[in-house]
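S.K.: Let the hints inform the model, and build the full structure from the sequences given.
Take a look at the letters that make up each chain.
There are 4 protein chains.
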Amino acid sequence: MPGNTFGKLFRITTFGESHGKALGVVIDGCPAGLELDLVAVQAELARRKPGQNRLVSPRKEDDSLELMSGVFEGKTTGTPMAFMVVNKDAKSKDYSAIKELFRPGHADFSYHAKYGIRDYRGGGRSSARETIGRVIGGAVCKQLLSSIGVEIKGGVTKIGTVDAKRCVWPQVEENLVRSVDPDVVDAMIAEIEAARKDRDSVGGRLKVLATDVPPGWGEPVFEKLDAVIAAAMMSIPAVKAVEIGAGVDCAEMRGSQMNDLMYPEGFASNNHGGILGGISSGAPIDVTLSIKPTSSLPRELDTIDTSGKPQRISTKGRHDPCVVMRAVPIAEAMLALVLADFWLISEAQRSVREGFSPHSIVDYGLKE
Amino acid sequence: MPGNTFGKLFRITTFGESHGKALGVVIDGCPAGLELDLVAVQAELARRKPGQNRLVSPRKEDDSLELMSGVFEGKTTGTPMAFMVVNKDAKSKDYSAIKELFRPGHADFSYHAKYGIRDYRGGGRSSARETIGRVIGGAVCKQLLSSIGVEIKGGVTKIGTVDAKRCVWPQVEENLVRSVDPDVVDAMIAEIEAARKDRDSVGGRLKVLATDVPPGWGEPVFEKLDAVIAAAMMSIPAVKAVEIGAGVDCAEMRGSQMNDLMYPEGFASNNHGGILGGISSGAPIDVTLSIKPTSSLPRELDTIDTSGKPQRISTKGRHDPCVVMRAVPIAEAMLALVLADFWLISEAQRSVREGFSPHSIVDYGLKE
Amino acid sequence: MPGNTFGKLFRITTFGESHGKALGVVIDGCPAGLELDLVAVQAELARRKPGQNRLVSPRKEDDSLELMSGVFEGKTTGTPMAFMVVNKDAKSKDYSAIKELFRPGHADFSYHAKYGIRDYRGGGRSSARETIGRVIGGAVCKQLLSSIGVEIKGGVTKIGTVDAKRCVWPQVEENLVRSVDPDVVDAMIAEIEAARKDRDSVGGRLKVLATDVPPGWGEPVFEKLDAVIAAAMMSIPAVKAVEIGAGVDCAEMRGSQMNDLMYPEGFASNNHGGILGGISSGAPIDVTLSIKPTSSLPRELDTIDTSGKPQRISTKGRHDPCVVMRAVPIAEAMLALVLADFWLISEAQRSVREGFSPHSIVDYGLKE
Amino acid sequence: MPGNTFGKLFRITTFGESHGKALGVVIDGCPAGLELDLVAVQAELARRKPGQNRLVSPRKEDDSLELMSGVFEGKTTGTPMAFMVVNKDAKSKDYSAIKELFRPGHADFSYHAKYGIRDYRGGGRSSARETIGRVIGGAVCKQLLSSIGVEIKGGVTKIGTVDAKRCVWPQVEENLVRSVDPDVVDAMIAEIEAARKDRDSVGGRLKVLATDVPPGWGEPVFEKLDAVIAAAMMSIPAVKAVEIGAGVDCAEMRGSQMNDLMYPEGFASNNHGGILGGISSGAPIDVTLSIKPTSSLPRELDTIDTSGKPQRISTKGRHDPCVVMRAVPIAEAMLALVLADFWLISEAQRSVREGFSPHSIVDYGLKE
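Chains as they are written, first to last, in the working numbering: chain V, 16 to 383; chain Y, 16 to 383; chain W, 16 to 383; chain C, 16 to 383.
Since no wrong hints were added, every one of them can be taken at face value.
You can't tell identical chains apart in this list, so a pair holds if it fits in one copy or across any two.
In silico lysine-lysine, DSSO-like type, Cα no more than 30 Å apart, as pairs:
{"#": "1", "residue 1": "K36", "residue 2": "K75"}
{"#": "2", "residue 1": "K36", "residue 2": "K103"}
{"#": "3", "residue 1": "K90", "residue 2": "K114"}
{"#": "4", "residue 1": "K36", "residue 2": "K90"}
{"#": "5", "residue 1": "K331", "residue 2": "K90"}
In short, the hints are calculated from the structure, not lab data.
M.R.: Okay, here's the thing in structure tokens:
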């Protein structure tokens, strides 16, 4: 409840600040016996790290993982896994000038109001660097989920005024902006470059999809699958809207359009985004996020200081003119975390339910 | 975690089905000493009940409350309050024909997949009648919050293709569709009547606002105020999108537009919707929901039955051609529940923090 | 966290006061499809109710159950079950004299300090009448657990200075004090009668046992099976000590005595009480509770009033001179609740773990 | 719920195995602004570490702390603190011989049954070395609590057959066995030496006390202060019984003896152990733990192996013949964790309750 833990049966607790000693995560509840592929976990981190290409923050971090516990002879043991990533390129001097100022669009003022103290170096805990722990946790969940065929993928559908018109998944990771539409990659890049040239930033939208999720995951009425996904996604820095399936477009639709008809071979459409009554339907889970333009701008803006006096501020650090593409692996991680947790929760009920029949009593006994 | 409980320190647990004996809620964690206005709680229920006017379901329920515990001599005692509403106009025979069929757009199939059994009468637990418990809980929270000046209100901003163009709060409860814009009330009503005439339904959008929320509420990083609001709202039946502040529009904005500048007298704008870094900023909390058109349609649609065979279905029960206006008090209730809970959580930290100074040691002693 | 909810996946929330309108419980997380035997639930309530025999409180309550939700055509549906028991023989006038006084040994003072307000009628929420909800919840769990052969039973091992010397389970429910030892029943009854004659009360001890619990239930390190049992038991009114297996006697033992040797046919002894490292071992779960003598005494005692002034008090209500035998069904209920919850939690992990193998992918599909 | 997290508003999550890379803890929910004394935290770790004196395990660990996050310029920031202690003297070769054997009294068999895989090196996660994270968390809580005058202390009251007869607190940390009674120190040491000479081990009992706890902490009915303390204590390795106040002795008492009379100057006695109805009364919180003799014995014992065949086993590692005195700082830590958490929870309600009065509206505004 203090807020740095996510999940019920599969649970992560993250820690660390942008310019602190290290960031990390404790993963608790991962079932024992999973052969953990650490290279794949590291690869997910590489997808979100700064300095990947010319469009993102030039901060130099290799974000290399260290695993402290919970794995024995290559397999998970059911005990907590602690992962750590040491900060290497923290340039705290960049930030001392803004110690007493509240950067517009950032969490500086609200943290100050809440805590009365604030690690102002690079946003401290409110920096998106916090998401390292999420991506590590999500990477473990992806491995877990892929054991039953659930796959998760994401891509950018809009940068500024440029919209994707079609979805071609295989090429998404190949283009600099992770656009789902290869035809608009250049236009999206141009949008970002234009914003940077104007000493400004630009927002966008991304889609995350989970396929082959079995029907029956999710817990009515307050822990509906879509409700928990909404929380997971809205907790990602810069997200201002979460849509499931048809999303905001449902407002203009008639019921006869919106209702996805059912046939023996499956749903005819997916306006419901794979979730009905808060429970997975077997159709792909389809989530769309709107990401605000980066708040840090290399131009002067009006603000106030901690004593309430008017000031001017310009952020000089190393920032991204657009964070939408870096948010893709983070959103995938959050979806993976939600689904792994609901898989566990669903199995509990299903397994006990089937246990009502005396034949299914589990033999936990020793093996000869 | 089984899903029928919401909140951490202020917590509700709801129960009941559309055509069961009763629905209700247990409210746990309400601080002692609140003079509970039961008439005001009943009034909130009246705002969501069916049969209010010609645009909504004709089901006849007075939804009268019974309080079983937790209040003594008119005041809350800090112990759980149990409220109950008995179902009176449950017409179960309406539903027996669809016992083996999955209604498109409804939770029938996903409940069947999850539980293997289903109370098919009026949607059972997946009926929006479930929200009675939420509205009762929210009504108590509103009373709590108003003690420090926090007020919550909501109104409809869109029905089908008709958009509100301005916001005039005082008249919202006076018009049949709870439109925030008095100029489009007739057009909105016409949109609903047209859908009904077509044996169809129509969706829409609504806005909820909380004013005078103190800065500092919300818990980074996973229990951010906006994350918990997103979950709360997405858990309401028929909601497909949740937006905070600028919401989906942020995607096309530049940072220089999106950033709300700060001045000694407050924020110049409210694109952030009252939440920065997951913590309230003191600006109004501004949430928008998109509501899908009612799934129950009095026309034949393709579907399957529980053995997977193709069938046709037409819903004959008493349904709303549009539920957007009835969702307003429910959305307000959910926002009130979230805020009351975060008020408690925030006070815990603030009060202990101030307790570091030896002068603030609480004297719990007896009064002479 | 406000404290009236117990359990994680199988969860109860209780409400109600001794002299309020009703008491009850919402049971959330019970797997769907259980054929619920309501007569058996009512029978458990009968085991704890007052007025059973001449040794307990003469309050006349039939404690008859009403079920409001969650069961359809005789089976649980996976949605919350709400049960209610209306208070019939509440004699509030008995208590008005002590409105301003703190009864020694009772929760009057601490409730007053915590809440600043107090339902003083019969102890309000702090009355043992609160345990009705626990017993109902436990009765449902017993039905669940017996589907895999887990059985729970309890009996009294000590009343005042009279100790049971042997354990004969079949006769426990036949004697007035639920003694596990038929030879000391008369001596135990005499102990209680003597206390009553002295206008005093007497304490005792009871044992609860769960047999055929599969090995592997419990979650290290903070949610160990014994830790959660300890909380469950210590939450029962009047309990002052919880022991597992050898309990307090382990302090004088050598390791060579305490260690239970393992053989192919099982453990040679059960000093560990069925729990090793916080996880069930397959041996019987063995728990002992020490119950303090009833605090309400029909004799004058020194105390203070709400303004801190010295006073004398004598409790005139209808009270039990000994509550140990009435605590037996309550302790069984709490053990059942803990075990049902851990069964669900354990199944989640076990089932997913086995899911790593591609053959075990669950087919949730429709049945032809 | 996976079990490695403790607390609600003040919460720790621990990780690490006896012979893994490191152990540690993430502390979440510590209020901001606490001047953290890291030397004091390290000192608490020194109290529990092995190799302190000739009576305990000779394993050489300096257990030096590393703090990775959550503190800025010497003060807590309200964000999670991650602490780590690297294992230095892990001798895994000592354990390979017992890879396939279940050590009697240990968690080997139950972990095997639960997880199907087990880090057999030194007990892995089930080693008492796991308690490092608890002691760190407790040390932070002690600092928090001492800001309002709450102090926590513990001492040994029994080793084997030797009982303390009086309580002299100031000398407890000066004697090798942390005996509360200076007169029996030599007898206690002799008891341990005798057990060691017999290649055996010995149990005992310890007491923990919290003084100046304000009345009003604890949440009826399932999160009573004593219930949560019972869970906290029973979760410590080797604990088999938890007693509050008079504890097991209450069974033989009459109500007239057990009831602690109240006078204007306070309670006349403390049989209730500082807790009434699950809420602190203002009297010292008084908890007693019974600790079983160490399970690891340097003598041959009967057991089975993972295929269920009979075997003989003798534990050759570096073990304590008695762990009672090393459990003292762990028990203190757990009590501190429970109390800090309830302080926060209590403040939430108290502060909001007082907020009902319009005068107490918090001004979170900027300071001129």
